[in-house]
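Q: Okay, here's what each chain looks like letter by letter:
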Amino acid sequence: MGAAETATVVQSAALQPGLFGLRLEADARLVQACEPGRYLMLSVGDGNEPYLPRPYWVRRVSAVWLNLLVGVGGAGSGWLATRRPGDPVEFFGPLGTTLIPPPRTRRLLLSGDLPGLNCLLALADRALARDIEVALVFHGAVDTSARLIPPDVELLTELNASALTWADALYAIGDPSVVHTAKAALRTAGSRIPAFGVPHVPLACGVGACYGCLVETRRGPKLSCVNGPAFGLADLS
Amino acid sequence: MSQETSVTIGAGTPRPLTMRNPVMSAAGTFGYGVEYARLLDLSRVGAIVTKSTTVRPRAGASMPRWVETPSGVLNAIGLNNPGIGRVLREYAPKWSSLRAPVVLSIAGESVEEYVEIAQRAEEAEAIAGLELNVSCPNVSEGGALFGSDPVQAASITGALRAVTSLPLIVKLTPNAASVAEVAMAVEAAGADAVSLVNTIAGLVIDVEGRRPFLGNGGGGLSGPAIRPVAVRLVWDVARVVTVPVVGLGGIARVEDALQFIMAGASAVQVGSAGFAKPDTIIRVAEDLADWMARHGVASLDEIRGCAMPGCEGRE
Chain A
1 MGAAETATVV QSAALQPGLF GLRLEADARL VQACEPGRYL MLSVGDGNEP
51 YLPRPYWVRR VSAVWLNLLV GVGGAGSGWL ATRRPGDPVE FFGPLGTTLI
101 PPPRTRRLLL SGDLPGLNCL LALADRALAR DIEVALVFHG AVDTSARLIP
151 PDVELLTELN ASALTWADAL YAIGDPSVVH TAKAALRTAG SRIPAFGVPH
201 VPLACGVGAC YGCLVETRRG PKLSCVNGPA FGLADLS
Chain B
238 MSQETSVTIG AGTPRPLTMR NPVMSAAGTF GYGVEYARLL DLSRVGAIVT
288 KSTTVRPRAG ASMPRWVETP SGVLNAIGLN NPGIGRVLRE YAPKWSSLRA
338 PVVLSIAGES VEEYVEIAQR AEEAEAIAGL ELNVSCPNVS EGGALFGSDP
388 VQAASITGAL RAVTSLPLIV KLTPNAASVA EVAMAVEAAG ADAVSLVNTI
438 AGLVIDVEGR RPFLGNGGGG LSGPAIRPVA VRLVWDVARV VTVPVVGLGG
488 IARVEDALQF IMAGASAVQV GSAGFAKPDT IIRVAEDLAD WMARHGVASL
538 DEIRGCAMPG CEGRE
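Chains as they are written, first to last, in the numbering used here: chain A, 1 to 237; chain B, 238 to 552.
No lab work stands behind these hints: they were computed from the structure. A virtual CB, placed ideally from N, CA and C, is assigned to each residue, including glycine. Accuracy of the hints is not assured; some may be wrong.
Reference listing, derived: stretches of chain B covered by chain A, where coverage requires no fewer than 3 residues with Cβ under 8 Å from a Cβ of chain A [what the hints assert, rightly or not]: (1) 258-269; (2) 282-289; (3) 514-521.
Partial chain B-side listing against chain A, Cβ under 7 Å, derived [what the hints assert, rightly or not]: (4) Met300; (5) Arg302; (6) Trp303; (7) Glu305; (8) Ser308; (9) Asn317; (10) Gly460; (11) Pro461; (12) Asp524.
If we strip away everything but chain B, and leave its shape as in the complex, we get (with noise of 0.2 Å):
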């Protein structure tokens, strides 16, 4: 029996962006993908997503940058990005030698420069889709103040919607009052998928120095420490959405990324646990293959969602 583990966000849409197989990497966690692209055969890959991209360039946040946490890393690069015009001229176009869809991770400050920055993203063929970064916790404008706010989070996708015919991935932040109203609220200005979630806020205090151990201050806080979170969290969103839910959080092997299956993700992205193991994209891919044909699953549609109450087909 083959598996279909083929994933489509966007269907209907002038663009879809069509994967071979659910498990993407995470924004911010695997550069522009040419940093992997000696380590690893890409074409393996379901989707590469890049680091957030802003209009101009940004120095990012003083270090240090990240510090190891129990089961985690706390971080606060800043979105140090080299800016878009030069990931177009220098990345992108390596990209379609990477024989993996490129989803372009975008943030900014305003409206006005996720819509520059879309638009620009519109005229390079290599680029696949948009993930809408409205849920950074460490910048001080834009980021997750956008992402917190259902209108906010909103208006930026509905101002995008409008600029671009490109799949529009929303990353959603966890540090939101309701994550599920945020969801609601761009799949109804026009997201093609949501992707959750992002890290959660967080702080080390270095106690020698009597003061908070990153340069910046705080930090988002991912890995293993975060996955029960995000997978309640895509429980909730996968219930008031019909756009596909993409889920991210400590997943590093192929039991977490069933978890947020069968919570109702349709993909999944793995960030920090290929820091250790950059292979891991590529197993956790195989290994979900290799589940689904011991356990008689054809098709992911099969389990999606498979641990909600009422799921027809649960064992």
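This is chain A alone, in the form it adopts within the complex (with noise of 0.2 Å):
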């Protein structure tokens, strides 16, 4: 695993303005592995430059397709979204722990924005095919309505009481600032269900080889590739 795999796009359109879509097609072995929560390290550009992996969470939607998400934004994004039916694109992985809503979860409720998007739809698919019912806060600029969100995904325009009570379980997934809003959410309501949170962190290697990629925690610093991605909700500073 260590030496470059290589995907395939099989299809790639701009969505939205700011939004692009990738499919890729890779060795089912590796597709298989893809769970919610793992993520690929993408190689961007020529190795000089961007300099760095990309690391992207990504949504297994057949045996050897995955689909990626992503808001054009720098280099690496940018390049991404040139890509074309054909080109290949290298990565290594996928990394990271899976997430799996927590056992005899019935009502799944998810709050994220555009850097969390390939996860929270990653582990939508999984609680779904677990005859769990499935709400989402999205926040941010993305049209949700097109075709975006699976149909069976109700969303909501609010992390409030309202949600917290219908849902037994609470997952945050996205900018460490959306992590921190369902966390103050979470206290005002006085919610005691199980909730998590996963804060998006760049990460450098990807392995905890370089501790770049701290999240702060009341049980102290820990990485986010290496003890994450998901942490308590409660546990985050």
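Reconstruct the complex from the two isolated chains, following the hints.
A: In structure tokens:
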């Protein structure tokens, strides 16, 4: 797995302004291992520019296909957005820990934003496959009416007491500000449901070697790539 | 023709470090080796140089700890590490299974701290050598403050030489007034090799925030952006020392490694290039053997320093 693997772009599309979709075909063994919460380290550019890999959560959509939604903003995402069907994309992984709905969850509430969208969708797929009801509070400018979200996922406009009362588990996935908003909402509502925060933290190495992805928790600093990506929401500082 | 790529550091000493090939990992970019054991066949690596380790655990710098730069990365991890006690308890027992020599990178805020770590490392059979980090630009005490001054660098090297039989590699900072003078000083004090360069001090400003991007303020620059500087400094140092020189700074391909070797390096280290492609370290080693075979080079000795003026055997 340390040697670069290669996926092939089978579909690419600009979905909305600033949002691009890629469908990648890869070895079935690797695709099978792409569980919710696990990520690929994608090589972008020519190796010098951009220099570092880009970690992306991916959504498995068939035995050999992965979907990747890319918010175009920087050099790495810009390079990905120029990939066309037939183009190779090198990567290593998947890495990281699989996210699963807590045992006995019947109603899963997801909250997140664009950086967390691939992970949110992968987790929603997993929950729906287990007959768990799923609701999503999406923060940001993405048009969620545009068939990005599975029809079985209920879209909510606000992470409030009503939503938290409905749910029996919560995952907040995305920019750290979104995760902290969820923590605040949980506290305000006095909810005691199992709740997890998955802060999107830039990764350099992805394997715990560089110590560059620190997440502050009440139990001390943790590495997102090794100890995460999910942390107890109450534990996050 | 079989290519001779093995390298020995500390030849003639009680515990020489012999590597099957000259390609090592660079400290701070390869963890403690075990992080990559699941991904790579580490028996194909020359040696693993660990993350720099201090006497006590260090929390390191605040986030953000790195930022991508043109053809490189600026980092300030601040020597975040679990401390020598935990390293010896948790990592050292696993090192023999990696099937590659492990060189412990050590750092400290005083000579006494360096000495204490070296003494404790001396007892660990799995440690094949020590690399003295006297060149970290991201700590307020020790680090590059030691490595910038030939007298202080020699003082630490001598103190360690007195307490350890392990091969000593002294990692040099490019941020010294004269890197060659520091190299000569540590060689005279007992270093078995010098490695260079550590990162170059740098700064990225977050323009919208109107402050330094990194939590530490400044950081150390690595990657292809610094390669010409590193090759030049290896060139300068290799001419004035007789111990092996280990070159590093932006090596991602065999051609990069060859530049260092032709400038006088006996071995090289691969650092942040492994973040995007973890097998870079193995690929460079194997491509080096292939390159030598294609060019009719039987031994690294034939090309080491061959770019220097007056080098015999230049094509």
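Q: Would you mind marking each hint as holding or not holding in the structure?
A: Now the hints, each set against the structure:
| no. | hint | result |
| --- | --- | --- |
| 1 | 258-269 | holds (count 4) |
| 2 | 282-289 | violated (count 1) |
| 3 | 514-521 | holds (count 4) |
| 4 | Met300 | holds (5 Å) |
| 5 | Arg302 | holds (5 Å) |
| 6 | Trp303 | holds (5 Å) |
| 7 | Glu305 | holds (5 Å) |
| 8 | Ser308 | holds (5 Å) |
| 9 | Asn317 | holds (5 Å) |
| 10 | Gly460 | holds (5 Å) |
| 11 | Pro461 | holds (5 Å) |
| 12 | Asp524 | violated (13 Å) |
In this structure, the hints that do not hold are numbers 2, 12, in rising order.
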